[in-house]
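Chemist: In order, the protein sequence lines correspond to chains U and R.
Under this note's numbering, read the first sequence as residues 1 to 245, first letter to last.
Under this note's numbering, read the second sequence as residues 1 to 208, first letter to last.
Just so you know, these hints were derived from the structure itself, not from any lab.
Incorrect hints may appear among the rest.
Among chain R residues calculated to face chain U with C-beta under 8 Å, some are [claimed, not checked]: (1) 113; (2) 114; (3) 189.
Ideal Cβ positions, reconstructed from N, Cα and C, are used throughout, including at glycine.
Residues per chain, in single letters:
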Amino acid sequence: MEVRNLSHRIGERWVLNNISLTVCAGETVVLLGRSGCGKTTLLKCINRLIDPTQGEILFNGRSTPEWDLFRMRRQIGYVIQDTGLFPHWTVAANAGLVPRLENWGAEAIQKRVNLLLEAVGLAPAEYAARYPRQLSGGQKQRVGIARALAADPPLLLMDEPFAALDPITRFELQKHFRALRTTMQKAALFVTHDVREALMLATRIVLLKDGSIDLVATPGNFLSGTTDEARAFLASLEEGWGSAS
Amino acid sequence: MGERLVSFGSQIISLTIEHLELVAFSIFVAALIAIPAAILMTRRATLRRGLMGLANVVQTVPSLALFGFLLPLPFIGGIGKHTAIIALCLYAILPILRNTLVGILGVDAAVRESAVAMGMTPAQILRQVELPLALPAILAGLRIATVTTIGTATIAAAIGAGGLGVFIFQGIASVDSAMILAGAVPAAAMAVVADEGLEWIEKRWSSA
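The following block holds chain U by itself, in its conformation from the complex:
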């Protein structure tokens, strides 16, 4: 997946300014930035929930507007903070949505759903028949991840998926996601405002500031980042650790 010179304007304001970045298989690129820096807008441009004002996005080597919109979205997993699970469907029906849209056979869907629920740490026998309201926040988010992975998409878009969870559950899911990523070899674009999460999950961190790329670094290099915005994020990290100890 490649973003080329992407800009987006809402009214008079440029919320994204000449963004270029590439995400390859097996990579997790974390978009880090303050609220309102444009990171969610960038994510939504990729699966065309928003059509950008300027610039181009290539998915599997083809420009996104050239794709059949619905087929393309079914090949891009999408996980959001509010989970967006369908409240009137069971966990199994939620997780099996995209395979169903792609007309897989019932048996294949069930096999896939069981495999994925297993992979995100929910025993199918116990959870498949439950409804979202019968799950905790962490369990819902696990189902959200299973749903995103269901049709084995090459690309995952994740918009602060763990932000609403308590710290312990969040840490569990972060570890789980890191393990999943190693086994599944997906390209992932992960939006967060949490610098600790970025350092833990990223293979590359892209720091956004006011709609522009401020810094691109590996987690190791990010720790010695010299831009003001990187320093501001690192300062919040040290402050956090200082007060915790």
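Put chain R on the given structure of chain U with help from the hints.
Modeler: Chain R in isolation, oriented as in the chain U frame:
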């Protein structure tokens, strides 16, 4: 007075059936118009404002006056059942329209965004997500429409549409309270039964 009520027996039954037919047919047609209209209105904000305004205006016309207005119109007017059904329909449309609209627009934004992002087509989102989630609200709208239509339909007798209103108008004309009750009691009972029955259905569906 009890004896007199019993003497109306067979007529009560036939007028009750006539009344039910008036109501059922009106609600059916109203739903056929209101639900698709509401779906269109969720897609276009300008259409929403216009049609909602129109439906609100219709609702403010007193029912007896509306029957009067329809009488002289060619094709749709005149004495008889069809005029009554048109008027009852016009009244039933608003609650069904409003509840369907509120039900669909009330679907959680995150749920709708997920549905779009997962690659569902607009038709799939409507059928598999929006309508099922709006169903309790739609059923509540049908219930409100049915209960009010049972009441309003008694006035339809004034333009020769029959139903339990026949007793009520005859009773008023001849100052015969037993006859008024022979129309009013079954109509009230019908409204209560319809209300309870449809509420039961509503609860069953929304807990699924």
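Chemist: Does each hint fit the structure? Answer for all of them.
Modeler: These are the hints, each one checked on the structure:
1. Interface hint status for residue 113 of chain R: upheld, as the beta-carbon distance to the closest one in chain U is roughly 6 Å, under 8 Å.
2. With a cut of 8 Å, the hint placing residue 114 of chain R at the interface with chain U holds, because the nearest CB-to-CB distance is about 3 Å.
3. With its C-beta approaching chain U no nearer than about 35 Å, residue 189 of chain R sits outside the 8 Å limit, and its interface hint is violated.
In summary, the structure is inconsistent with hint 3 from the numbered list given earlier, while agreeing with all the others.
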